[in-house]
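Just so you know, the protein sequences line up as chains L and V, in that order.
At position 2 of the first sequence the residue is numbered 2 (my numbering), and the sequence of numbers has no breaks.
At position 118 of the second sequence the residue is numbered 118 (my numbering), and the sequence of numbers has no breaks.
Hints were generated in silico from the structure; no laboratory data involved.
Built from N, CA and C at the ideal position, the CB exists for glycine as well.
A few of these clues could be false.
[What the hints assert, rightly or not] Chain L is faced by these chain V residues, among others (derived, beta-carbon under 8 Å):
no.: 1; residue: Lys7
no.: 2; residue: Pro33
no.: 3; residue: Ser34
no.: 4; residue: Val35
no.: 5; residue: Ala39
no.: 6; residue: Glu43
no.: 7; residue: Val44
no.: 8; residue: Asn112
So you can see what is in the structure, the chains are spelled out below.
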Amino acid sequence: MISIKSLYYHYPKSSMVLNDISANFERGNIYGLFGKNGEGKSTLLKIMSGLLYAKSGEYTVDHKSGLHRNARTLQRLFLVPEDFELSAVTIATYQKINGRFYPNFSKKQFYDLIAEFKLAPQHHIARLSFGQKKKVLIAFGIATNTPILLMDEPTNGLDIPSKSQFRKIMASIADENKCIIISTHQVRDLHSLINHILVLDEAKVVFDASLAKVSTEFWFGKPKSTEDSIIYTEAGFGGKSILPRGNKEETEVDLELLFSAVLTQNTVINTILKTNDHD
Amino acid sequence: MDFDNSKPIYLQIVDFFYENILVRRWQDEERIPSVREVAVMVEVNPNTAIRAFNHLQELEVIYNKRGIGYFVSKDGYAKVLDIKRNEFKEQTLPDVFKQMRLLDVTFEEVKNLYDQHEKE
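Working from the sequences, and respecting the hints, build out all of it.
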């Protein structure tokens, strides 16, 4: 559905933030976009939503270029940004002004979510806390019913019960027609929702695989004896490791461990994924 | 739902189904929550929930009535009982035996503790 080819970007007088990025995103998935701070996750989402222009490269949505801020592409996607300024209006006014840009916007869904987040239409956005403003945006983004939903650190600023609420809402809206991309550091918050991960490091895509593939090829846990095939191990007490799965039972993917392993043992991991790629 | 971080989430959902069936919360031939409802309940990607449903369908613990939903099989309870008994014998007990050897706990001691427990 979304195709990105050889995308380059740098801010004025800075080094490359996105250096030859290529990736595909399909419907029916929830992608986790990971990377250390300043590795271009937000920049990529901004380019995809028309907030920044790529220096060069291709970006298409359903085979139509998305690089030129055309209305057709923009009404098919919504970005919940990490930092934002919302107009000093009530939630109801915000909906009236912005809802019309999205052909499948559902007013009912929006106000249901607003109520679920313990907010009300007459609430003045300027007087809400950061977390509450974020909830307004999340509710709005979901109610746009765009086929593409981009979220930059959506759980930042949400309290613990709201995070669980957020996961429930995401589980209820994810379907085969929607492509959801979530950038996050809060791996634990979203681990059960994500089914495909993409890691950006040093301005490159260093890892791009479905969790189904990862759990077919790798085993996560504490190895019984000193096995020599350990790919990556966490220092300290516990010592959780990643091993090639071989004939071992399937284990749940430990995203934090995988992320650390990708940053240090990238070649080994990608070689294993590639050699066993028969699809 | 709190996930154990070593067992695949879909199998943890399967266990959640087993428990509901074993305690008779979900009776044989009774309709169970939909894929979507389960995904929301346990806060997972619907694809993960589907995998759990498929697994249970292959084991014939549940079945799908097209357009209506999923139901516990006619002999769902008996099937789950069988699966969990095997799991107990093949996985749980060997672990207990290993611990007994390691801690030098005799079978007699275990038997006494068991009898005592049953009396309470």
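Quick rundown of the hints versus the structure:
With 8 Å as the threshold, the beta carbon of Lys7 (chain V) comes within range of chain L, its nearest partner Cβ sitting at about 6 Å, so the hint holds. About 12 Å separates the beta-carbon of Pro33 (chain V) from the nearest beta-carbon of chain L, more than 8 Å, and the hint is not met. Nearest Cβ of chain L to the Cβ of Ser34 (chain V): about 11 Å, over the 8 Å cut. The hint is violated. Contact between Val35 (chain V) and chain L, as hinted, is not supported at the beta carbon level, the nearest pair being about 10 Å apart and thus beyond 8 Å.
For Ala39 (chain V), the interface hint holds, since its Cβ comes within 8 Å of a Cβ in chain L; the closest pair sits about 4 Å apart. With a cut of 8 Å, the hint placing Glu43 (chain V) at the interface with chain L holds, because the nearest CB-to-CB distance is about 4 Å. Proximity of Val44 (chain V) to chain L holds as hinted, the smallest CB-CB distance being about 4 Å (cut-off 8 Å). With 8 Å as the threshold, the beta carbon of Asn112 (chain V) stays out of range of chain L, its nearest partner Cβ sitting at about 32 Å, so the hint is violated.
In the structure shown, a violation is registered for the earlier hints numbered 2, 3, 4 and 8, in ascending order.
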